[in-house]
Amino acid sequence: MTVEAPAPAGSPTLPASIDETETLLRSAGYIADRSLATVLYLSLKMNRPLFLEGEAGVGKTEIAKVLSATLGRSLIRLQCYEGLDVSTAVYEWNYAAQMVEIRIAEAAGETDREMLGKDVFSERFLIKRPVLQALEPDLGGAPIFLIDELDRADEAFEAFLLEVLSDHQVTIPEIGTIHASQPPIVVITTNRTREIHDALKRRCLYHWVDYPTAERELEIVTTKVPGVDDRLSREIVAFVQMLRAEEDLFKQPGVAETLDWATALTELDQLALDPETVSDTLGVLLKYQDDIDRIKGSRTRQMIDDLRREVAAGA
Amino acid sequence: MTAGTDTTGSKTPPAEADPSGRLADNIVYFARVLRNAGLPVGPAAVVDAIRAVEVAGIQSREDFYWTLHSIFVKKREHRPVYDEAFRMFWRSRGLIEKLIALFSPTAPPQPSREKAKAGAARVAKALFEGLQNPTEVKKPEIEIDATLTVSGREVLQKKDFAQMSADEIADAKRALADLVLPLDRVRTRRLVPTSRGRRIDPRRSLRSSMRAGGDIIALRRRDPDEQPPPIVAICDISGSMSQYSRIFLHFLHALTEHRRRVHTFLFGTRLSNVTRQLRMKDPDQALDACTDQVEDWSGGTRIATALHDFNRLWSRRVLSGGPIVLLITDGLERDSDEDLAREMDRLHRSCRRLVWLNPLLRFEGFEPRARGVRAMLPHVDEFRAVHSLGAIADLCAALSGRAGREETEPRAWLSRADRKAAG
Numbered sequence: 001m002t003v004e005a006p007a008p009a010g011s012p013t014l015p016a017s018i019d020e021t022e023t024l025l026r027s028a029g030y031i032a033d034r035s036l037a038t039v040l041y042l043s044l045k046m047n048r049p050l051f052l053e054g055e056a057g058v059g060k061t062e063i064a065k066v067l068s069a070t071l072g073r074s075l076i077r078l079q080c081y082e083g084l085d086v087s088t089a090v091y092e093w094n095y096a097a098q099m100v101e102i103r104i105a106e107a108a109g110e111t112d113r114e115m116l117g118k119d120v121f122s123e124r125f126l127i128k129r130p131v132l133q134a135l136e137p138d139l140g141g142a143p144i145f146l147i148d149e150l151d152r153a154d155e156a157f158e159a160f161l162l163e164v165l166s167d168h169q170v171t172i173p174e175i176g177t178i179h180a181s182q183p184p185i186v187v188i189t190t191n192r193t194r195e196i197h198d199a200l201k202r203r204c205l206y207h208w209v210d211y212p213t214a215e216r217e218l219e220i221v222t223t224k225v226p227g228v229d230d231r232l233s234r235e236i237v238a239f240v241q242m243l244r245a246e247e248d249l250f251k252q253p254g255v256a257e258t259l260d261w262a263t264a265l266t267e268l269d270q271l272a273l274d275p276e277t278v279s280d281t282l283g284v285l286l287k288y289q290d291d292i293d294r295i296k297g298s299r300t301r302q303m304i305d306d307l308r309r310e311v312a313a314g315a
Numbered sequence: 001m002t003a004g005t006d007t008t009g010s011k012t013p014p015a016e017a018d019p020s021g022r023l024a025d026n027i028v029y030f031a032r033v034l035r036n037a038g039l040p041v042g043p044a045a046v047v048d049a050i051r052a053v054e055v056a057g058i059q060s061r062e063d064f065y066w067t068l069h070s071i072f073v074k075k076r077e078h079r080p081v082y083d084e085a086f087r088m089f090w091r092s093r094g095l096i097e098k099l100i101a102l103f104s105p106t107a108p109p110q111p112s113r114e115k116a117k118a119g120a121a122r123v124a125k126a127l128f129e130g131l132q133n134p135t136e137v138k139k140p141e142i143e144i145d146a147t148l149t150v151s152g153r154e155v156l157q158k159k160d161f162a163q164m165s166a167d168e169i170a171d172a173k174r175a176l177a178d179l180v181l182p183l184d185r186v187r188t189r190r191l192v193p194t195s196r197g198r199r200i201d202p203r204r205s206l207r208s209s210m211r212a213g214g215d216i217i218a219l220r221r222r223d224p225d226e227q228p229p230p231i232v233a234i235c236d237i238s239g240s241m242s243q244y245s246r247i248f249l250h251f252l253h254a255l256t257e258h259r260r261r262v263h264t265f266l267f268g269t270r271l272s273n274v275t276r277q278l279r280m281k282d283p284d285q286a287l288d289a290c291t292d293q294v295e296d297w298s299g300g301t302r303i304a305t306a307l308h309d310f311n312r313l314w315s316r317r318v319l320s321g322g323p324i325v326l327l328i329t330d331g332l333e334r335d336s337d338e339d340l341a342r343e344m345d346r347l348h349r350s351c352r353r354l355v356w357l358n359p360l361l362r363f364e365g366f367e368p369r370a371r372g373v374r375a376m377l378p379h380v381d382e383f384r385a386v387h388s389l390g391a392i393a394d395l396c397a398a399l400s401g402r403a404g405r406e407e408t409e410p411r412a413w414l415s416r417a418d419r420k421a422a423g
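Read top to bottom, the protein sequences are chains A and B. Okay, so the first sequence: first residue is 1 according to the UniProt record's numbering, each after it adds one. Okay, so the second sequence: first residue is 1 according to the UniProt record's numbering, each after it adds one.
These aren't lab readings, by the way, just hints derived from the structure by calculation. One or more hints might be untrue.
[Unchecked claim] Listed next, the stretches of chain B that the computed footprint assigns to chain A, with coverage defined by at least 3 CB atoms under 8 Å from CB atoms of chain A:
no.: 1; stretch: 29-37
no.: 2; stretch: 60-73
no.: 3; stretch: 244-253
no.: 4; stretch: 286-296
[Said to hold, decoys possible] DEER-style ranges, computed between Cβ atoms:
no.: 5; chain 1: A; residue 1: Ala199; chain 2: B; residue 2: Ile200; range: 51 to 57 Å
no.: 6; chain 1: A; residue 1: Ala272; chain 2: B; residue 2: Arg317; range: 34 to 40 Å
no.: 7; chain 1: B; residue 1: Ile200; chain 2: A; residue 2: Arg77; range: 25 to 31 Å
no.: 8; chain 1: B; residue 1: Arg270; chain 2: A; residue 2: His197; range: 26 to 32 Å
no.: 9; chain 1: A; residue 1: Leu271; chain 2: B; residue 2: Pro378; range: 25 to 31 Å
[As the list claims (entries may be wrong)] Below are the DMTMM-like pairs computed for lysine to aspartate or glutamate, each with C-alpha atoms no more than 20 Å apart in a straight line:
no.: 10; chain 1: B; residue 1: Lys75; chain 2: A; residue 2: Asp198
no.: 11; chain 1: A; residue 1: Lys201; chain 2: A; residue 2: Glu163
no.: 12; chain 1: A; residue 1: Lys65; chain 2: A; residue 2: Asp198
no.: 13; chain 1: B; residue 1: Lys75; chain 2: A; residue 2: Glu55
no.: 14; chain 1: A; residue 1: Lys251; chain 2: B; residue 2: Asp282
no.: 15; chain 1: A; residue 1: Lys287; chain 2: B; residue 2: Asp345
no.: 16; chain 1: A; residue 1: Lys296; chain 2: A; residue 2: Asp260
no.: 17; chain 1: B; residue 1: Lys281; chain 2: A; residue 2: Asp198
no.: 18; chain 1: A; residue 1: Lys201; chain 2: B; residue 2: Asp339
Predicted, not measured: the structure shown is a model, and the values here were computed from it. By construction, the Cβ of each residue, glycine as well, lies at the ideal position given by its N, Cα and C atoms.
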């Protein structure tokens, strides 16, 4: 459909249009909306990292997994946490082996200090961590590099990523610069528990992953939870959408929670929502006691009545 | 300019955007509109946008929208602005439709330039219309001392602060350097080199040993780093606090400059986040930006509502990393106590330490009638009162003073107040 830019060598399987991107995701059971497909297509085409922000459980991490599965690329995942540093994220030297090397050199009577320094800090002794692994050439094409929940790492860590994200390279003082022959496909996710620095965001294509519309969510439920009753799934989605519209909830349920709930109710052999079971299983959807207390009981009954009326009016 | 003359020499469909064509110009103008509307759009983003449109092509309005969106929008908050700007800029000119139909190289450049500016003006107007509020009250002569009065009424008005003098700035810097907040050092999980730490730093040990020829390996050490925790300040700017607003804002501005992670929120009847505004280097400029952002200066107070908004909308975004929350208010509140207590409890449970700084409440003036105070006190970790507040130094002293437990412990305050009321 759109203009075919000269495809980068070695990536023949990348989708050639936004439509194809949407189909590709759908083929792996990921129902994306048009905005997400567009930004994903662009990030693949322009070799730019994709920066996904959104509430927990809207399917940010899933994108990387689906990409890896559909494109047949390996997935390298870096889970961020506070205190994450170069030696766990980028590279580390194998100190024990280095010391043995020094000892051997001593025993052999080698005295060339320059050579010894070069030997000890050579690639043989380098332990590659996820960032460096992502830059390695891969037979199946450049890997998918998932940097998950970046907001959990402290600010100092963001700086390590800048070089990798913009130039696809890592500089190791003792060796030099390691450059990726094929830039990896980078997906960064954050839950927005803090703001990521603008310098990092600038290097990426940004996208806010929103909760899906009722229509799309219904599609997701029927794709992801096989065997769920048609009427039940309709009611589940309507109920969850109503919950999200509630003003005072501290944490709204995500798509992951909807899927869990659909599975739970199917396991309980439910064919339609009834206030009792909903109240009993609210813990699957809502994770704060205040929220559960607010919705439990009479509010649940009222919401179910409302949605029945809506369905009746719509039908 | 015409289709098919690009370097690849391939046959190009008419939808392709030639970077040298009108489209590139228009994207540049569009970026300028966005910049005027307050989006941080740099020149690099413009180049990216043109490339993105080249890559994606223009197939439909929606695709074009999302293509530019992926480049220009870096924050969720920017989406409405972008949306508005896109709608006005591209619809008013019917440009996309034209581009899809035929990429016209002969379109005269002049009209498009003018229209782009008109679009910018309209977007700017649409954006800033809300600020020219009809209820805006100018009151240079009449000074109403609203101290110690409580009101939940919403009054939207702007405020002008006296500019900061050079001496004041210097004083503030000096005072802030001495500021030590309670529990001000927090151990992080990041390791830093130290001379006599408890853990061995193998990398530095080996490197230094290599430098000396590898004969001796002298062990280097490292230890967890200690950092000041983030600070979140929630500051009351209602009528009863108006005489202190300037000093608090200057204090928070200096604090933002002094430390890395400071978030500031102001509330009267509504809550506004002024963190970005306070990051401006110049204190007067920063305060001006704040006054532009906030509409409820010196009006009523709704502490419970403001805290509720904070808990719901912001707590998850700014309360990471175990921050100290500075709540600056006089606690004179009209909302129901139950709500206030609940919101305070929620806030208290999501931060490392909740410090309430109260500029008005002296022990002598404490009346059990101020029920808001009673609802809030049980939920704070530390309660600090400022008895005279003339300069930032006073504020720093009140916050960093190593006051005994007796003075800052909120429960002790309450019981003393009760004794006083009884006797």
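Going down the list of hints, with the structure as the test:
With 0 residues bearing a CB less than 8 Å from a CB of chain A, the stretch 29-37 of chain B misses the requirement of three and the coverage assertion fails. Counting residues of the stretch 60-73 of chain B whose beta carbon lies closer than 8 Å to any beta carbon of chain A gives 8, which meets the minimum of three for the stated coverage. Check on the stretch 244-253 of chain B: 0 of its residues sit with their Cβ under 8 Å from a Cβ of chain A, so the three-residue criterion for coverage is violated. Beta-carbon proximity to chain A at under 8 Å applies to 0 residues in the stretch 286-296 of chain B; the threshold of 3 is not reached and the given coverage is violated.
Evaluation of the 51 to 57 Å hint for Ala199 (chain A) and Ile200 (chain B) yields a failure: the beta carbon distance comes to about 33 Å. A hinted range of 34 to 40 Å holds for the C-beta pair Ala272 (chain A) and Arg317 (chain B), which are about 38 Å apart. Range check, Ile200 (chain B) to Arg77 (chain A): Cβ separation about 29 Å, and the 25 to 31 Å hint holds. At about 28 Å, the CB distance of Arg270 (chain B) to His197 (chain A) agrees with the hint of 26 to 32 Å.
Distance hint for Leu271 (chain A) and Pro378 (chain B): a CB-CB separation of about 48 Å, inconsistent with the stated range 25 to 31 Å. Our distance criterion of 20 Å between C-alpha atoms is met by Lys75 (chain B) and Asp198 (chain A), whose separation comes to about 10 Å. Annotation: proposed proximity of Lys201 (chain A) to Glu163 (chain A) holds, straight-line Cα distance about 13 Å (limit 20 Å). With a C-alpha separation of about 26 Å, the suggested pairing of Lys65 (chain A) with Asp198 (chain A) is violated against the 20 Å cut-off.
Under the criterion of a C-alpha separation no larger than 20 Å, the hint pairing Lys75 (chain B) with Glu55 (chain A) is consistent with the structure, at around 14 Å. At roughly 38 Å between alpha-carbon atoms, Lys251 (chain A) and Asp282 (chain B) are farther apart than 20 Å, so this suggested pair is violated. Taking the CA atoms of Lys287 (chain A) and Asp345 (chain B), the gap is about 18 Å. The hint holds against a cut of 20 Å. Taking the CA atoms of Lys296 (chain A) and Asp260 (chain A), the gap is about 18 Å. The hint holds against a cut of 20 Å.
Taken as a hint, the Lys281 (chain B) and Asp198 (chain A) pair is honoured in the structure, with Cα atoms around 18 Å apart against an allowance of 20 Å. For the hint linking Lys201 (chain A) to Asp339 (chain B), the alpha-carbon distance of about 38 Å lies beyond 20 Å, and the restraint is violated.
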